[in-house]
Amino acid sequence: MLLLTLRRKRHMVDKPSDLVQGTLDMLILKTLALEPMHGYGIAVRLEQMSHGVFRVNAGSLFVAFQRLQRAGLIKGEWKPTENSRRAKYYSLTEQGRRRLNSETREWGRQVAAIARILEAS
Amino acid sequence: MSLLRNATSGLRSLLRKTQVDRELNEELNGFLEMAAEEKIKHGVSREDARRAVRLEQGNFEVTREVVRSATWESLVETCWQDLRFAIRMLRKSPGFTAVAVLTLALGIGANTAVFSLVNGVLLRPLPYLNPDRLTMVWEKSSDGSAENVGYATYLDWKSQNKSFEQLAIYSSWQPVLQVGEPEPLNGLRVTSNYFRTLGVHPEIGRDFLPEEDSPNTNKVVMLSHRLWQRKFSSDPNIAGKTIDLNATQYIVAGVLPASYQSLMSQDPRGGTVEIWRVLGYDISQPWACRTCHHLVAIGRLRDGVSITQATAEMDIVSAALTKAYPKEYDDVGVIVTPIRDQLLGPASGRLYILLGAVCLVLLVGCANLANLLLARAASRQREVAMRTALGATGGRVIRQLLVENCLLGLLGAAAGLFPACWMPKVLAIIGAGDLPRLDQIRLDWRVLLFTAGVALLTGVATGLAPAYRLSKTELRDCLQQGARGGNLASSRLRGLLIVSEVALSLTLLISAGLLLRSLSRLLVVSPGFDPANVLSMQTSVLGQRFNDNEVVRQYFAEAVERLRELPGVQSAAAASQIPLAGNMDRYGFHVEGKIHANPEEDPSAERYCITPGFLETMRIPLLRGRDVSPADAATTQQVLLISETTARRMWPGEDPIGKRVKLGALDKPWWTVVGVTGDVRHVGLDATPDMQMYVPHRQWPYPDGLMVFVIRAAGPPTAISTAAQQAIHSIDPAQPISRIVPLGDYVGLSVQGRRFALILIGAFASIALVLSIVGIYGVTAYTVSQRTREIGIRAALGAQRAELFGLLLRQGMLLVLCGVVAGVLASVAFTRFLASLLFDVQPTDPLTFACVVLLLVAAAAGACFFPARRAMRVDPLVALRHE
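Heads up: the protein sequence lines correspond to chains A and B, in order.
Numbering follows the numbering used here, in which position 58 of the first sequence is assigned residue number 125; successive positions increment by one, without gaps.
Numbering follows the numbering used here, in which position 882 of the second sequence is assigned residue number 869; successive positions increment by one, without gaps.
Pulled out of the complex, with its shape left as it was, chain B reads as follows:
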């Protein structure tokens, strides 16, 4: 209450300043008059009375100031005065202001941009209810890694655990939506409690019902807000209507709110999830088995249950299951991880590295600005001395200077907001790799608050040293002698700033150098196939007739044949998955005579279900044996090709040709190895190839309906794109075709994350380099100008020009070398944080270090050279008259 009154009356005196002042004047005057009259009554003359009152009560002006300054609004008022004064001062030296604001804009702008990225990706809350209660739940495989779960296991987990309020599972689903042009969508099949687990409610319609989660009633889907807008023109009555997917009718249960973003599929090659279907499994189905690890589980922890407690309880559940079904689990245990780590974990390391790097840029900027301010402080000593003489206290002077610097900081921040605005566009151009939630990047209050905070902090940090220095100005010296700045302490401080600037820039440059070397190493890694001139396009068979396996086989054989006949096409084939395209399809690999007692402990291999001609089209080398051919049909012996790594691992020192394996389950017929191929990099260029196998599409018992065509053209692959689609549609115009991508693009995508880090850190390093070069130049030039007289005297006394030149150059370079030593030490200490981003390069790679140091020293030498040369040309006579 009284706080409010204090605020309002303070505001009143701020807004109606003249009236309030007049009242105070009148009151005080009245007081003094009355005191004087009192004295006059006692017989003192008017003059004497007034003097006596003044003696007793002190100076009228001082009293008035005392009364005024006792209120909070007087602080606001003086700050406002400081601000107006600061604006005047900055306008008086536009050159300095421009350089300072530009420096800060670079530093703060880069920080704001990266922070907006970090904010969007990491800091904004996940779009779920109480996301910190959500976890991923994995089976633990024998090597300790997390593994997907089978349906039967999920049912047991669900019924036996007490830690989770909800436990749901999902798997990926790629339906073709037949509304208008058939369009393949990215979707998920989820248990009916999936959205309840996440705490998301449909915006329109209803959630999935438990009774819909069974094999015959599961034709129910949920739409994303965007899909609803895009394909159903935001039909408000969509709920309950039927739509066609994969030539089957589905009922729309509802539409999710626009705020919901699916994070479950973060593959940059896959796109966002737009449709969800009820899983509808039944324990009797063959794919619901315990070893059918193709489902991902998420859980919502009960209140008060920690992840450790949940893991402990699930371990017990898992131990009981392993005991009951010893041949169906390869290890005991369950892995429970926060959903946040799963969704954002991989990105967070990289982003924090960027944030660290960009902080270094800001530090370099600050050092530069501090240097500039120190130089300016020297010339402002007189002004400050004058103000001190007029009664300003040290604190008041410091405050004035800090207000000036904060103003600079805010101006810089305002200019620095532009890069942050452009961040989404920049990201779109350079490609951010697999960073999730890029659509969340925008200027929100967190970013603005961060920017303002950084700006003020920068202002205070850069200004504090110079301001303190100034406030300690020796009054008499200054006023008597006139400004002759550049004392020992401040030149030492300047030196220190240069050293740290060089060290910081060097650290950044070395980081950028390491990343550059990594990327160049990575780009020469052969993916194991030749991506040039190959177009890939995905299709997925659509229609009831494809329920017959033979129709599927025939269809793909014919499609490949038509593609081959196209002009400009050298060869074509189809495969269930292609390397580097983000697919993941593995099968248990059971070698005859080497099957473990528990077959679950046998290894697995990446499975490519191919049509003949795949190796030729991809130019994957055949090392031994023969390729699959059209003669390998459903009726002939089942054959497969294995990769080099598979051969080496499964049959070390043996000839694998003619050996037999079972794929997936043990109750199926044997497959015979007929050939060995070269390895391909399936997951990424930076990942060591794992075991791979190629099985003929015509022999696989359930021929894949989702296949990728690869077409090798004589020229640029995009040129044949239209003709290739027409060729497929000439067989059946209803078949959907998607992801028409040259293979080279997939190779590019697989290094995009690294490229992104390299571009950003490279940009930061360049900014830092430029700033420190400007800093070194500035300091050398300043020293030269301060020492013009000394140089003149030396020259007049006969010093050789070369000696003078050497003297100045040596001083500058000494600082640079100190900085280099500090920078190399810092880099040795810090580059190991980059290790996750490096490929085939040590964090302390000597070659990179040497090159970067050379680059920096050369640039710094240039920055010292020009001012020193100017000093050399100083005419002794002019120099002596300089002051």
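Excised from the complex, chain A in its bound form:
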């Protein structure tokens, strides 16, 4: 159901591998922490920030928007874009900001722990 895939750069390995469950939500929250953005903007920003490692397709992205919106972490608002078309801009809610902070901390803890385990051998 979740079409979350993580693709490494084409010239490296062509096989997609699953993104860790729930990471996409955190990444979207992080992207929106700077400024409100529309869907395409978020996709582009994710790709840029990860230096092209994450290429999320529209399906997964919009499912995530729906989920985050219903959880009250982000909210959407229709606004004109710079190219004078209309787009839905998503922004973090106060609750979303808190969630991002806690998830970032938790993520750091987990990564450190995993790293320790992997380095132990």
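Think of the hints as simulated: they come from the structure by calculation, not from any bench.
We treat Cβ as the ideally placed atom computed from N, Cα and C, and that holds for glycine.
Some clues are possibly wrong.
Here are the computed lysine-lysine pairs in the DSS-like style, where the Cα-Cα straight-line distance is at most 25 Å [unchecked claim]:
1) B:K28 with A:K146
2) B:K4 with A:K146
3) B:K655 with B:K581
4) A:K146 with A:K97
5) A:K155 with B:K28
6) B:K218 with B:K228
7) A:K155 with B:K26
8) B:K314 with B:K581
9) B:K4 with A:K142
10) B:K228 with B:K206
11) B:K310 with B:K581
12) B:K314 with B:K127
13) B:K4 with A:K155
14) A:K146 with B:K26
Pairwise CB distance ranges (calculated) [stated by the list, open to error]:
15) B:T5 with A:E102: 28 to 34 Å
16) B:I27 with A:A182: 38 to 44 Å
17) A:L185 with B:R41: 37 to 43 Å
18) A:I184 with B:R374: 47 to 53 Å
19) B:T(-5) with A:N168: 22 to 28 Å
20) B:F72 with A:A182: 53 to 59 Å
21) A:N168 with B:R41: 34 to 40 Å
22) B:R374 with A:V178: 43 to 49 Å
23) A:N168 with B:E48: 35 to 41 Å
24) A:Q162 with B:T295: 53 to 59 Å
25) B:I27 with A:L185: 43 to 49 Å
Based on these hints, arrange chain B on the given structure of chain A.
Same frame as chain A, now just chain B:
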């Protein structure tokens, strides 16, 4: 919080579907446009850019579906689609729908009806506070059975036990209410803590006070809500007023709430209890003795005390009492039972049997429907194959089919609610015997929930096999060849369904057969008297003048005389109780020379206090000696008649005439046996007669004031009813007369419980039989239609018609016979649960089994015969062109 937001936003997208869809479209479109523009900026042509985006992001429609189906409301939406599709499908085949709904309506309706009965009688909470803490408390008699308690014992129990928060006692009381027309009421005398024990508070007025519970201050009564409405036009100021009962003034303490139903008197012949009076006993009174077992005790257990603990403690109390008064108890021990068992226990067995039986009906219905669905599945394979080809997954197909079946189930349930609505009326017509709480039977949320549950379960259960079968449809085969259903696996499944249907119906039919045989056996049992043309009516003397015993004796002698003089009356008499009318009056029977060291261990006999002419009127045979006569007066030797069983038990091999006995207490004069009568069935036609004795009303030291007149008429007994009442009122118009009932009705009432079970189980068995016959017919007919081609070929190749006919008949009957074998085995295993309802018939009565099997096989043969005959008439040419 977020759950709420999820729900509201889901609802929004359900209700404002177009707007939400438009927004999603616009957003997605914008996304793709922007992606394309990005590419165009890098110098790619518009066309190429769009293609590239599509390649990267996948199909626009698919993406939209993915986003949409990620929410819960999309599930609701597809279910709604399924439902609408199901309605369309059912409307397209009205014949199938009608048959299926009717089948389910029969099965579910019968279940709902019986469940509403079970619910009303057993499941609804008892109208007391924490009813699971309430118990009955009995003395244990020497044969281990429960026995009523004497007042002195009760006082000791009450003061010495630590297990019970409250301990109360009651006894029955039949006062005559003198408000308007004098009316005898069914009442109880209770200790002042009775209602506190039950946890019931008066709606108006106050509870009984402890100081009112003594001999001189006990003229206080509590009214039932109905009595208050009926006789006192709901007077809100009734509390504290005085009313006349039995020519005495009583003060009304209060009125109980309407929700309170008295369950203490469940005699169908007695009616509900409507009035309560303070018991007001005193230890000095002669009837307060330890051996005066006429009081029933109830107790409320303290928190945390179990019934076992309470019994153990009471046993110790009882042991101490037995030690202190060795001649007043016949055994050590106390029996404590939950009040629920006492009130509902006897009914529960019978009701659960009914519930079991009705479940079998539903199973037969389900099997039938499953068969129907299987046949339909064969013709729907193409449709399903098409949907699968268009991308529906197996789960989706199954869901669609199950929604269809659940819809059928719910339609059936809706139709099946009607019988449940009629249940109270049906019960009133056929008579439910002594089932308690029949007024509680109605469609409440429990019944509706049960019905809905059964409907959905039925829908899923019947649909699962066919749906699974369909979802596994081999796509290519179907689309290429066109539907040619009827593969081996599904025909085997159909066979299995028929076998189980036959087995289930047979079990039900055998049960009904056994009950029928029991009832017919019971109805030929002689009650020991001749009830035909005898009218009974009860009276109870009313007025201060009856405090004189001689006045009572004179009054009844005169009343009987006046009744005898009526035209059309052959004979008349009066008695303190009559057989089969639900009375219970026993006296200790102490035979001279055979009195136990502890007289409490002596047996007791049913006591009929009679006026001369009772035996003649009832046509109870006098076997030896003489009848009582008007000459047996207060001044002459005290005489009594005994029944055959009494004679046999007390004087085996001896002539009882002239023997002497003491009745009740030992300090009273002797009674001499002057005659032996035939036994009568006192408790019920199905109960072995116990010891009985007849004492002359004119000789009994305290002549009974509550008497039943029996009047033998030349014709129908009801014809003399008015004249008989006038005759009594010609002596004293104030005397109340009640329960004017032909004796034949009492005989009918005593078998009503069995008749009720027979009618219901008989009805269920008939439904099951019809359903399975329809099922067998349907399957045979279906097989014939599926094999028309084969039959045609066989006929064309020269097969004899008789052979073809035999072939089809044999196949059908083989299934039936398998079912019969399974059914007989199941019946042997299950009919023993019916044992309590059977009379003089073994649960495995071979004759019943044989008759029922014959009936079923004959009916099934008929069901196979017609389709097979049709097959025989098939024209080979037509058959070959069939497809």
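How the hints compare with the structure:
1. B:K28 with A:K146: Roughly 23 Å between the alpha carbons, so the hint for B:K28 and A:K146 holds.
2. B:K4 with A:K146: At roughly 22 Å apart (the allowed maximum being 25 Å), A:K146 and B:K4 satisfy the hint.
3. B:K655 with B:K581: holds (16 Å)
4. A:K146 with A:K97: holds (21 Å)
5. A:K155 with B:K28: Distance of about 22 Å is within 25 Å: holds.
6. B:K218 with B:K228: holds (14 Å)
7. A:K155 with B:K26: Holds - the C-alpha atoms of B:K26 and A:K155 are around 21 Å apart, at most 25 Å.
8. B:K314 with B:K581: holds (16 Å)
9. B:K4 with A:K142: Holds, at roughly 20 Å.
10. B:K228 with B:K206: holds (12 Å)
11. B:K310 with B:K581: holds (24 Å)
12. B:K314 with B:K127: Holds, at about 15 Å.
13. B:K4 with A:K155: Between B:K4 and A:K155 the Cα gap is close to 18 Å, so the pair holds against 25 Å.
14. A:K146 with B:K26: holds (23 Å)
15. B:T5 with A:E102: 28 to 34 Å: holds (32 Å)
16. B:I27 with A:A182: 38 to 44 Å: holds (43 Å)
17. A:L185 with B:R41: 37 to 43 Å: For A:L185 and B:R41 the Cβ distance comes to about 40 Å; the hint holds.
18. A:I184 with B:R374: 47 to 53 Å: For A:I184 and B:R374 the Cβ distance comes to about 50 Å; the hint holds.
19. B:T(-5) with A:N168: 22 to 28 Å: At 27 Å between Cβs, range holds.
20. B:F72 with A:A182: 53 to 59 Å: The hinted range 53 to 59 Å holds for B:F72 and A:A182, with Cβ atoms some 54 Å apart.
21. A:N168 with B:R41: 34 to 40 Å: holds (38 Å)
22. B:R374 with A:V178: 43 to 49 Å: Cβ of B:R374 to Cβ of A:V178: about 47 Å, so the range 43 to 49 Å holds.
23. A:N168 with B:E48: 35 to 41 Å: holds (38 Å)
24. A:Q162 with B:T295: 53 to 59 Å: holds (57 Å)
25. B:I27 with A:L185: 43 to 49 Å: holds (44 Å)
Hint check: no violations occur; every hint is consistent with the structure.
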